[in-house]
Amino acid sequence: MSVRTPRAPGSVVGALLCLLVSSSASAQTPADQSVGAVRMEVERLRQEFEAIRQQYGARLSELETRLAALEGRAPQPAQAAPPPAAPAEAAVPPGAAGAGGPTGSLPLYGNVNLLSKIFNPDIAVIGDFEGASGNNAVNPQSPLSLEESELSLQAIVDPYARADIFFSFGPEGVEVEEGFVTFPTLPGGFLAKVGKMRASVGKVNAMHTHVLPWIDRPLVTENLVGADEGLSDAGISVSRLITNPWVFLEATGEVYRGQSEVFSSATRGDLTYVGRLRGYQDLSESSNVDIGVSVASGGSEFDPARKTTLFGVDATFRYRPLRRAIYRRFIARTEAIWSRRPVAPVGDTVRADSFGAYVSADYQVARRWFAGGRYDVSERALDASVRDRAGSVLLTFWPSEFSQIRGQFRRIRFGDAPAAHEFLFQFLFSIGAHGAHVF
Amino acid sequence: MKRFWIASSVPILLIAASHTALALTVVTTTEDLAALVREVGGDKVSVEAIARGYQDPHFVEAKPSFILKLHNADLLVVVGRDLEAAWLPPLITQSRNRRIQPGAEGYLDASLNAQILEIPTGQITRAMGDVHPLGNPHYWLDPANGRRVAQSLQQKLSQIDGASAGYYARRYADFDRRLSDAEKQWSALVTPYQGIKVVTYHRSWPNFAARFGLDVVGYVEPRPGIPPTPGHILTLQLEMKRLGVKIILVEPYFDTRTPKAVARAVDGIVVQLAPSVGGETEIRTYFDLFDYNLQRLIEAIKAASAKAPGSAIRLRQGSGEPAEALAEAGAPRAKAEDGGVTWTP
Chain E
1 MSVRTPRAPG
11 SVVGALLCLL
21 VSSSASAQTP
31 ADQSVGAVRM
41 EVERLRQEFE
51 AIRQQYGARL
61 SELETRLAAL
71 EGRAPQPAQA
81 APPPAAPAEA
91 AVPPGAAGAG
101 GPTGSLPLYG
111 NVNLLSKIFN
121 PDIAVIGDFE
131 GASGNNAVNP
141 QSPLSLEESE
151 LSLQAIVDPY
161 ARADIFFSFG
171 PEGVEVEEGF
181 VTFPTLPGGF
191 LAKVGKMRAS
201 VGKVNAMHTH
211 VLPWIDRPLV
221 TENLVGADEG
231 LSDAGISVSR
241 LITNPWVFLE
251 ATGEVYRGQS
261 EVFSSATRGD
271 LTYVGRLRGY
281 QDLSESSNVD
291 IGVSVASGGS
301 EFDPARKTTL
311 FGVDATFRYR
321 PLRRAIYRRF
331 IARTEAIWSR
341 RPVAPVGDTV
351 RADSFGAYVS
361 ADYQVARRWF
371 AGGRYDVSER
381 ALDASVRDRA
391 GSVLLTFWPS
401 EFSQIRGQFR
411 RIRFGDAPAA
421 HEFLFQFLFS
431 IGAHGAHVF
Chain X
440 MKRFWIASSV
450 PILLIAASHT
460 ALALTVVTTT
470 EDLAALVREV
480 GGDKVSVEAI
490 ARGYQDPHFV
500 EAKPSFILKL
510 HNADLLVVVG
520 RDLEAAWLPP
530 LITQSRNRRI
540 QPGAEGYLDA
550 SLNAQILEIP
560 TGQITRAMGD
570 VHPLGNPHYW
580 LDPANGRRVA
590 QSLQQKLSQI
600 DGASAGYYAR
610 RYADFDRRLS
620 DAEKQWSALV
630 TPYQGIKVVT
640 YHRSWPNFAA
650 RFGLDVVGYV
660 EPRPGIPPTP
670 GHILTLQLEM
680 KRLGVKIILV
690 EPYFDTRTPK
700 AVARAVDGIV
710 VQLAPSVGGE
720 TEIRTYFDLF
730 DYNLQRLIEA
740 IKAASAKAPG
750 SAIRLRQGSG
760 EPAEALAEAG
770 APRAKAEDGG
780 VTWTP
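Quick note, the sequences are listed as chains E and X, same order.
Those letters in the first sequence? Residues 1 to 439, by this note's numbering.
Those letters in the second sequence? Residues 440 to 784, by this note's numbering.
Treat each hint with caution, since some may be false.
[Claimed, not checked] Here are a few chain X residues that face chain E, going by a calculated C-beta distance under 10 Å: (1) Tyr493; (2) His497; (3) Ala501; (4) Ala524; (5) Ala525; (6) Leu530; (7) Ile531; (8) Arg535; (9) Gln594.
[As the list claims (entries may be wrong)] To list a few chain E residues with every Cβ distance to chain X over 12 Å, as calculated: (10) Glu175; (11) Tyr273; (12) Asp353.
[What the hints assert, rightly or not] Pulled from the structure, derived: some chain E residues nowhere near chain X, Cβ distances all over 10 Å: (13) Leu45; (14) Val125; (15) Leu146; (16) Phe169; (17) Asp228; (18) Ser265; (19) Gly269; (20) Phe311; (21) Thr349; (22) Leu395; (23) Ile405; (24) Gly407; (25) Phe409; (26) Phe414.
Read the hints as simulated data drawn from the structure, not as lab findings.
Glycine residues also receive a C-beta, built at the ideal position from the N, C-alpha and C atoms.
Produce the entire structure from the sequences given, and follow the hints as far as they go.
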């Protein structure tokens, strides 16, 4: 395209006109608005009346059909009749009611006005019972314990927000695992979350215990990213899609108070900052790759003047044939974390540069059976010279979508202690309406 | 250089403006809804479905590529009745698209005007399996519900794109007329086989069965969403033998090994029907869906009655040749392989 200098002023006018035309739709005079409002109101009433008319028509024809059936005549197929607008209550066919469950009205528990319960949030409890056997001198797990009961309360707040709160009841007590409000209708394509959240550092950190593909968390999480609790803190998260013709790209920026298992702030201004860039691409309708880069930086407990920094990369490959989606899937994932953490000065060493990673794969053998394995390697956060390694094999059984039984054999070779050989097992069960998890 | 950008941005802005005026971007959760949107929206809409027709719509993965589709949508049409509860809500939240949030103008639950069967009336628990508390969500398998959904679509599209309301009304009227004609043919096809007893894998077919006169007497799944157990299969076989049931209907996303074993035991036939548009490559429209399924079903009934003459598959007197009736009416005939009523994965 050539640069046409003489015509440029015209182009400017054209551009302005364009903007004016596009904005005129929203810039109406008050008179226009009131006429429009009346018109809309009339239209709404008309539609309501029409709906009611059709509804009654449908009910009437339904009654007629039943009457005809009672009189022994074959019911006429109501083909020519105008489609009823809202025959919401259909007759339940015999034998189908409640899939064989008891019939009758719902029981009322104390509250006479049952409708007031409609706005209650979705409530679910996920129980996580774990057991361990074998030897582990460094970090021995209880032989039998109800490791966690997660109570979730989730609902839409108003047209602009939804809220999710997760309480975690464990042997040590109760804590708010996550509790945040999400604003999905912000202008500019932004999505904001405000509250206490698991930070977007890598994949595993954002996962709740019950969605992990293993019983434990990988060594890299244990050593470098705050163990079970992970990087979870009060803060604000803002993310946006970077739209482009090629791949899915999502950028996330988060700021946290700065008090978590990894970071600690001496002053109010000493906040933790997290950034993540995630790319995703479908390779085919059955397979896809998901790649992320994250960085987190925040205050250090040893030296307020210096920062602790985590840098992570993660990659996931998934295969799940659509026709056999409930029988077959394969997921391979890996995650690596580099940690730079100020330490109490030992000689001339004032910082530990540690690395940790895992590689894991899961394969669905049958509709209810999964097999998997994981290899871990991780240095210690405060002493990079100590390196732990571990290998695990897993077998998982799903009685239904709502429960899971899993066994894991794990061997850890500690850098500074005798090796641990353990068999872990887990029973997970979910009751209530637990919201879907993000991919 | 600045002038160059301004000069070149004007046509781009104009193109962008005219592009949005040309076509509404509609995303539907299933291909059935997409087919209905195509019927009503014609070339004024561009429509994409999230789940494929050969995929179990209960278990769709919430892939980020779907977030991109939803990000640009003017209208999202969902099946509703909790069918998509396991995967759609996080996609909508992450879409960063306020037009399609639940309750917004660009969100349409297609089930609101449809006739829903199997709405539980008593207390339900998950001991009954994965029951849908809001009723059976496979309601699009009754053409009368297809018409109701199309009408909702016509109203919604006219609401969002008022300038083309007349166009949508004409398209709907035309669809309504063609559907009525097709319904007459379909009714004629199945008239000889009213009340035929069948077993289905999942509870996907109550609307289809009610509309076309099938009597569903059992399920391969002991409870919705629970895989078949040996005890249940044994009971099912005895029941099928007692009632003389020879037909087992299976959705394309279920393993056919167990249904085939049952079929062998009762000397019956496994028929793979398509619960959705796109379930087989030749099913491209809402009309194809019923053409294909009824053709397959009737072939199977004939094959089963040929296999076991004098069995409980009693045909009504004076039945015409339904397949011929279909061909006469000019409807596309479903591809029939050689004895192709069973399906091998």
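*Per the stated criterion, does the least C-beta distance between E/Gly269 and chain X lie above 10 Å, as a non-interface residue requires?*
holds (30 Å)
*Status of the stated non-contact between E/Phe169 and chain X (beta carbon gap over 10 Å)*: holds (22 Å)
*Does X/Ala525 pass the interface check with chain E, least Cβ-Cβ distance below 10 Å?*
Because about 5 Å separates X/Ala525 from the closest Cβ in chain E, which is inside the 10 Å limit, the hint holds.
*Does X/Ala501 meet its interface restraint, that is, does its C-beta lie within less than 10 Å of any C-beta in chain E?*
Result: holds, 4 Å to nearest chain E Cβ.
*Go through the hint on X/Tyr493 and say holds or violated, using the shortest Cβ distance to chain E against 10 Å.*
Holds, about 5 Å.
*When you look at the beta carbon of E/Ser265, is every beta carbon of chain X farther off than 10 Å?*
holds (30 Å)
*Verify that the Cβ of E/Gly407 lies farther than 10 Å from every Cβ atom of chain X, and report whether the claim holds or is violated.*
The claim stands: E/Gly407 keeps its Cβ more than 10 Å from every Cβ of chain X (closest is about 20 Å).
*For E/Phe409, is the shortest beta carbon distance to chain X beyond 10 Å?*
Correct as stated: the minimum Cβ-Cβ distance to chain X is 26 Å, above 10 Å.
_Reported absence of E/Leu45 from the contact zone with chain X (all CB gaps over 10 Å)_ = Holds, since 15 Å exceeds 10 Å.
*Should the label of E/Leu395 as a non-interface residue stand, given a Cβ cut-off of 10 Å to chain X?*
holds (18 Å)
*Against chain X, does E/Phe414 keep a CB gap of more than 10 Å to every residue?*
holds (38 Å)
*Looking at E/Val125 again, its CB stays over 10 Å from all of chain X?*
holds (13 Å)
Of the hints listed earlier, there is not a single one the structure fails to meet.
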